[in-house]
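Enquirer: Here is what each chain is made of, one letter per residue.
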Amino acid sequence: MRKGRVWKYGDDVNTDVIFPGKYTYTPMEPPEMAQHALEDLDPEFAKKVKLGDVIVAGKNFGCGSSREQAASCLKFAGIQAVIAKSFARIFFRNAINQGLPVIQCQEAVDSLGMGDEVTIDFSQGKISGKAGEFKFPRLPDSVLGIVEAGGLIEYTKQKITSRES
Amino acid sequence: MGATFSEKILGKKAGEVVTVSPDFILSHDNSAAISQEFAKLGVEKIKNPDKLVIILDHVVPASAEKYALNHKLIREFVSQQGISNFFDIHHGICHQVFHEAGFALPGKLILGADSHTTSYGALGAFSAGIGRTEVACLWATDEIWLRVPETFRIEIQGGYAAGTFAKDLILRIIGDLGADCANYLAVEFTGAGAQNMSLAERLVLSNMAAEMGAKNGYFEPNQMVLDYLEGRAQLEFEPIFSDPDAVYERTFTFDLSDLEPQVACPHTVDNVKPIHEVAGIPIHQVLIGTCTNGRFEDLEVAAGILKNRKIHPSVRVLVIPASRQEYLRALKAGLLEVLSEAGCVILNPGCGPCLGAHQGILAPGETALSTANRNFRGRMGSRESAIYLASPATAAASALTGKIMDPREYL
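Chains as they are written, first to last, in our numbering: chain A, 1 to 165; chain S, 1 to 411.
Hints listed in this document are in silico derivations from the structure and should not be mistaken for laboratory results. Any given hint could turn out to be false.
Claimed, not checked - Selected chain A positions facing chain S (Cβ under 10 angstroms, derived; list incomplete):
(1) Pro20
(2) Tyr23
(3) Ala34
(4) Gln35
(5) Ser65
(6) Ile90
(7) Phe122
(8) Gln124
(9) Lys126
(10) Lys159
Please read these numbers as outputs of a predicted model, since none were measured by experiment. Quick reminder that beta carbons are idealized off the backbone N, C-alpha and C, glycines included.
Work the whole structure out from these sequences, hints included.
Expert: This is the structure:
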């Protein structure tokens, strides 16, 4: 459990403002990807984000392109989780596959504000802060294994190894 | 109780999770990045290389050394892995080339590392976008988990009102229902209005189903689709249809006959207004092309409006046929001549400036009117630019006046 500050945004935060298309087809290392995170939504974010911070947003977070960097750039920027009212389908998958926890919790989104400090307890499914405590449901079993393995690459490696042995 | 198309093809009821093996796996300029993820898995060979379809389209030809390197890595990987379905930079946009080359087939399961993979629902396939790491793992294991989606049915009635097209319809649907209305869901386009649509029109709707958040956007394949696939299909196929008593999450009805031209305003696709509310807004650039509206039929409509006229001196007009086949059709029909005479810049088939990488980037303070599918802030260049989305007819009419213009004035 780590304390983190909230970066609060609205509905329909799309993949283009999370990670602009002009960077999508060039090979890029994680630190550079982190520098472009949320570039077209909040130019201050990449400069000021700290390890363990949390993004809190409205409905349909991550809508738009299938670009995986929209999830990985947030992880590389140090974000420990994204809390939203809902997630776009492909972003949801990408985040799980990159080991970036995504939490659907409308109550927390309505109550948390920019700069609030929160602690997330994944084993208890609980977000706590000054604004109160918020429960969130655990992920479906079908995807929990991927998160527990640390992402889809590790999960798949384990699967391949267990089949070979 | 009957089953929907999605339930039938995935073999389970909505809400269940299935492990499936797709018929084809699409990727494009992101194939180098996928190959790097693939390398992490410690598997030497792709399990089923004949399922891969790789089409270079996003930044073609390479406009800078970094893009050239990206393409080079892909070509080397293709050769090393023996991938036969590789389409280099001269073919066109993946979502056009994929069906031209006969990979988009009724009743087939297609997954792609691109959100607009939904396009092939136009031919009766189940096709959905996924992420890069998932594609890398698919290359290695040939299996993936999918949740069987519930389905929205969108019933289309009536015939087109003058000056309106499939693009106006889908913008109206997205404007009315919202950009996340079909998140995690499947969409089926039905009704007489849908059955009467040409393949080009169906592709506009299925392509933009992604902008409703949908997993796929299906049309029942009819004789027109089967004729198109004659001599083109890469595999034998069996169309799959929803049962008459299938259970739908919701049904919506839209009537084509009371439609007027629609425009999606900055910076979301569901910020849609009828043309009379936005006519007169000055624009600096027009883009006619993309996987949504770069086909022969689209260029034909634009050329019909621009014939023997000149574009307004304050506007740049970029025309990008969706593929080399569509380019050749337009060339032979004299459409490219008409468009060039009018003052349009004809670019090579590809994604062009739609995703903001090259070929017509917007400066701060500039406004574009595009026939593409997305108008997110900064997508075509500067964060301080704006994008409006409309049909090729509205785009052509606006090119003549340098302002957003109702195409019905030029019919």
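Enquirer: Could you run down the list of hints and mark each one as holding or not?
Expert: Hint check results:
Taking 10 angstroms as the C-beta cut-off, the interface hint given for Pro20 (chain A) holds, the closest approach to chain S being about 6 angstroms. Checking Tyr23 (chain A) against chain S: minimum C-beta separation of about 9 angstroms stays under 10 angstroms; hint holds. Taking 10 angstroms as the C-beta cut-off, the interface hint given for Ala34 (chain A) is violated, the closest approach to chain S being about 17 angstroms. At a threshold of 10 angstroms, the smallest CB-CB gap from Gln35 (chain A) to chain S is about 15 angstroms, leaving the interface hint violated.
A hinted interface residue such as Ser65 (chain A) counts as satisfied when its beta carbon comes closer than 10 angstroms to some beta carbon of chain S; here the least separation is about 5 angstroms, so the hint holds. Checking Ile90 (chain A) against chain S: minimum C-beta separation of about 5 angstroms stays under 10 angstroms; hint holds. About 21 angstroms separates the beta-carbon of Phe122 (chain A) from the nearest beta-carbon of chain S, more than 10 angstroms, and the hint is not met. Below 10 angstroms, beta-carbon pairs count as interface contacts, and Gln124 (chain A) has none with chain S, the closest being about 25 angstroms; its hint is therefore violated.
Here the hint on Lys126 (chain A) is broken, as its CB sits about 25 angstroms from the closest CB of chain S, past 10 angstroms. For Lys159 (chain A), the interface hint holds, since its Cβ comes within 10 angstroms of a Cβ in chain S; the closest pair sits about 7 angstroms apart.
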